[in-house]
Amino acid sequence: MLAAMSRLRPSRRDPATESQRRSRAGFPALSLAFLFAVGASFGGAYGASAEDGVGTTGTTTEATTTVDTPTVTESPTVDTPTVTASPTLEPAPAYEPGGGSGQGPSPDPEPPTPDPPGAPSGSSVAPPTSGSAAGPSSAGGNGASVPSVLAPASNVAEGYATTWLHGVLPDPTPPARRLAPAYARLLQQTARRAKVDWALLHAVVRARGHDGRMPSSPAALHRLARELRRLGARADAKRAVVRLGGAEFGQRVLALRNYNRAVGLKALVTGLERAKPSLERRLLRDRRVQIYTSGRADLASGRIDVRVTVLIRYLAVSFHQVTVSSLLSGHRLFARPGVVSAHIYGHAVDVSALGGLPIGGNQGPGSVTEAAVERILRLPAELQPRQVISLLGFGGPSFALADHFDHIHIGY
Numbered sequence: 001m002l003a004a005m006s007r008l009r010p011s012r013r014d015p016a017t018e019s020q021r022r023s024r025a026g027f028p029a030l031s032l033a034f035l036f037a038v039g040a041s042f043g044g045a046y047g048a049s050a051e052d053g054v055g056t057t058g059t060t061t062e063a064t065t066t067v068d069t070p071t072v073t074e075s076p077t078v079d080t081p082t083v084t085a086s087p088t089l090e091p092a093p094a095y096e097p098g099g100g101s102g103q104g105p106s107p108d109p110e111p112p113t114p115d116p117p118g119a120p121s122g123s124s125v126a127p128p129t130s131g132s133a134a135g136p137s138s139a140g141g142n143g144a145s146v147p148s149v150l151a152p153a154s155n156v157a158e159g160y161a162t163t164w165l166h167g168v169l170p171d172p173t174p175p176a177r178r179l180a181p182a183y184a185r186l187l188q189q190t191a192r193r194a195k196v197d198w199a200l201l202h203a204v205v206r207a208r209g210h211d212g213r214m215p216s217s218p219a220a221l222h223r224l225a226r227e228l229r230r231l232g233a234r235a236d237a238k239r240a241v242v243r244l245g246g247a248e249f250g251q252r253v254l255a256l257r258n259y260n261r262a263v264g265l266k267a268l269v270t271g272l273e274r275a276k277p278s279l280e281r282r283l284l285r286d287r288r289v290q291i292y293t294s295g296r297a298d299l300a301s302g303r304i305d306v307r308v309t310v311l312i313r314y315l316a317v318s319f320h321q322v323t324v325s326s327l328l329s330g331h332r333l334f335a336r337p338g339v340v341s342a343h344i345y346g347h348a349v350d351v352s353a354l355g356g357l358p359i360g361g362n363q364g365p366g367s368v369t370e371a372a373v374e375r376i377l378r379l380p381a382e383l384q385p386r387q388v389i390s391l392l393g394f395g396g397p398s399f400a401l402a403d404h405f406d407h408i409h410i411g412y
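For the sequence shown, counting from 1, position 168 maps to 168 in my numbering; every step adds exactly one.
Honestly, I wouldn't trust all of these hints.
Claimed, not checked - Using 27 Å as the maximum straight-line C-alpha spacing, the simulated BS3-like pairs for lysine-lysine come out as follows:
id, residue 1, residue 2
1, 238, 195
2, 276, 266
3, 238, 266
4, 266, 195
To be verified - The calculated label-pair distances, taken between Cβ atoms and stated as ranges, are:
id, residue 1, residue 2, range
5, 222, 334, 18 to 24 Å
6, 337, 281, 25 to 31 Å
7, 399, 195, 40 to 46 Å
8, 297, 193, 42 to 48 Å
9, 213, 293, 29 to 35 Å
10, 329, 230, 47 to 53 Å
Think of the hints as simulated: they come from the structure by calculation, not from any bench.
Where is the CB? At the ideal position from N, CA and C, for every residue including glycine.
With the hints as constraints, model all of the structure from the sequences given.
Below is the structure:
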């Protein structure tokens, strides 16, 4: 019985030995708890991957109590993967002028070059051609503008190219500006009956602002013809039109009359471009006009714009003598650095004498040059030039250049 009671009585043990035993007994539980946490993290990663379309199996996790564990220094290291909710994209490589580094994706295309100051939005500078200035180029990565060595000094200062674009000029008399054949017949018949010049009668109609294919009614045209006859237009046209509308009105009428005579009634009906061969032949036969040999060849070959042909005939009607010193052949290529002359395209003429007087030495007030420039500026809208250059400037297309002391340049 004593033996049985001794077995039931708790045995006394050493406290140090008991502590070591409890530590050894608790270590497996701590290890299991750590492994369970690692497994849970793997399960979370696997569950997150299921959002991207990867299949998973259901896992039931029971709640566990939190156990404070001491730091374990000699436990095996377990790599825990980092779980991210969304993939991280690497930033695109920074743009570098002149190309990328050669690795990875190609850099974005180079941004478009900004328009020059004053240029319309969306415009671009044309690539340089022979004789024109080159545009800016990029040097390094600082965006500095380095002009080409071919650019003239004036363009280098601005930093942008000067590009001279040439386009073929259309017919100056489109269908809306041509006279209707019925009106042309009416004009001839009315002028013949009233014994006045048809060119003067039509000039008065246009000077009053009537234009188009039928600029006047038959009744109004008859009344105007009778009025011109009463004012003595057949004997003195200038005096008659001045009495009709004043001095300025008279000058405008006389300029339009000379234009009508220069082109002829048929050309006013068919259009100047269609009448160009006939106008060229008439000009080459005109004894009032002196043209150098190669210039005559330019006209005969059709290389001169019809506006220039009509202008020369207009001056011949106005001054009874014209000397043409330059058309296309023999003229230099550039009017100024980088700008091709209008002569090269057959759009300009140089006149060195009018009415038997040289332009050189006759460019003052009251001179033949002043009279010529004034009459050129009174041409109808379809024949208005873009350049009238001499030593005189009247504004608009008329301006002065010192190297035009011996001729008048008229360009379209």
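**Asked** Cβ-Cβ distance between residue 399 and residue 195: within 40 to 46 Å?
**Response** holds, 43 Å
**Asked** Cβ-Cβ distance between residue 329 and residue 230: within 47 to 53 Å?
**Response** holds, 51 Å
**Prompt:** Taking the beta carbons of residue 222 and residue 334, is their distance inside 18 to 24 Å?
**Reply:** Roughly 55 Å apart at Cβ, these two residues miss the hinted range, so it is violated.
**Prompt:** Does 42 to 48 Å hold as the CB distance between residue 297 and residue 193, or does it fail?
**Reply:** holds, 44 Å
**Request:** Take a quick look at whether residue 276 and residue 266 sit within 27 Å of each other, Cα to Cα.
**Result:** This hinted pair holds, its Cα atoms lying about 11 Å apart.
**Item:** Distance restraint between residue 238 and residue 195, which requires alpha-carbon spacing of 27 Å or less
**Value:** holds, 16 Å
**Asked** Range hint 25 to 31 Å: satisfied by the CB atoms of residue 337 and residue 281?
**Response** Violated - the Cβ-Cβ distance for residue 337 and residue 281, about 38 Å, lies outside 25 to 31 Å.
**Asked** Straight-line Cα separation of residue 238 and residue 266 no greater than 27 Å?
**Response** holds, 25 Å
**Asked** Do the beta carbons of residue 213 and residue 293 sit within 29 to 35 Å of each other?
**Response** violated, 41 Å
**Prompt:** Quick one, are residue 266 and residue 195 close enough, alpha carbons at most 27 Å?
**Reply:** It holds: about 20 Å lies between the C-alpha atoms, which stays within 27 Å.
Comparing the model with each earlier hint shows violations of hints 5, 6 and 9; every other hint is respected.
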